[in-house]
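A.B. asks: Using the hints, position chain B against chain A.
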Amino acid sequence: MHEFSIMSQLVERVVEEARKRNAKRVIEVELYVGQLSFLNSEQMRFAYSVLSKGTILENSHLIINIIDARVKCEVCGFDGKPDYIDDASYHVSAPLFLCPVCGSPVEVLEGRGCIIRRVKLEI
Amino acid sequence: MREHTALSEKIEVIVPEEGEVFDIELEEDLLEANRRIAEENKQLLEKHGVRAIDVMGSVGSGKTTLIEKLIALLKDKHRIAVFGGDVTTTIDAERLRKSGAKTLQINTGKECHLDANLVRKALNKMDLNNIDVLFIENVGNLICPAEFPLGTDSRVVVISVTEGPYTPLKHPYIFMEADVAVINKIDLAEAMGVDVDELEAKIRKVSPDIVVVKTSCKTGEGIEKVAKALGLL
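First to last, the sequence lines map onto chains A and B.
Taking the numbering used here, I'd label the letters of the first sequence as residues 1 to 123.
Taking the numbering used here, I'd label the letters of the second sequence as residues 1 to 233.
Here chain A stands alone, though its shape is the one from the complex:
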């Protein structure tokens, strides 16, 4: 639901970077989005296309990479992907924050951010 505000932050940040480097235009922006963040790629793309109009980002290409969730169990040392609640009645399967091996609560190591990895600029 907050894709629009996140993407307007992104556009602002890229415009700033392009200005700093005297770029003529932005060719590409690459994003890393954590699987556990609440950001929907489809909506991000839509917001990006709307927000980039009339800016140096107009007609640039947005690449979205989804980063898998990674959890760690302090009890048994498990380090890897969490289990998911598998119920066909839900469209999105929800992660279970219990260790797939021993069932203890786990800590989330990866999969929560929304990172601008790099921008490709024409100078």
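Hints listed in this document are in silico derivations from the structure and should not be mistaken for laboratory results.
Accuracy of the hints is not assured; some may be wrong.
From the structure, some residues in chain A lie toward chain B, with a derived Cβ separation under 10 Å [what the hints assert, rightly or not]:
hint, residue
1, 7
2, 17
3, 24
4, 28
5, 31
6, 36
7, 38
8, 103
9, 108
10, 122
Just so it is clear, CB atoms sit at the ideal spot from N, CA and C, and this is done for glycine as well.
C.D. replies: Just chain B now, kept in the frame of chain A:
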């Protein structure tokens, strides 16, 4: 022995050619900006000895009523203030002001959640030396607030039996982020055909460490337990 470079010799400078393409690594987390401000809020609150509680939950789950009841229970023990977060209107803030707490309304305009920056603005308008406890009522929403910490000591998520039995499984993240989950309107559980214990088990499944409290803000049942779970009693 090597010869020194003659001063007249020009140092070669590499400059981008016209139309050249550069890849610039940024590695910046867009969610980090909010987390950073949240951390500043937390330090500000700690400095003034204010305990802040982020009250999240569905629309109509009873967030405002829970805060009203907590104020009534705790107002002789603590100096309490409330931030009411909403998209528009001051309906909740007006209600909360009647309960005797200092109240400030934060309207997000369009956003579906409060963020640390809006809370910082509100904090700057309050005399924090005269407050012990601050309740921040978030926008009624089970998705977005989870991703935007405000810098509070604890986070509460309020749901009610009238939302049916699936809320924790449909919105696991908010339960994962919260320290206390309140299942409200238990006086209506039978009429709704909702098994409260089963609902509690579902919450524990997605968030094993959470403290679950069953309440009826209408009858007052469980309100003291919420205050205890938050360390306010």
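A.B. asks: Work down the list of hints and note, for each, if the structure agrees.
C.D. replies: Tested hints:
| no. | hint | in the structure |
| --- | --- | --- |
| 1 | 7 | holds (9 Å) |
| 2 | 17 | holds (7 Å) |
| 3 | 24 | holds (7 Å) |
| 4 | 28 | holds (8 Å) |
| 5 | 31 | holds (8 Å) |
| 6 | 36 | holds (7 Å) |
| 7 | 38 | holds (5 Å) |
| 8 | 103 | holds (9 Å) |
| 9 | 108 | holds (8 Å) |
| 10 | 122 | holds (5 Å) |
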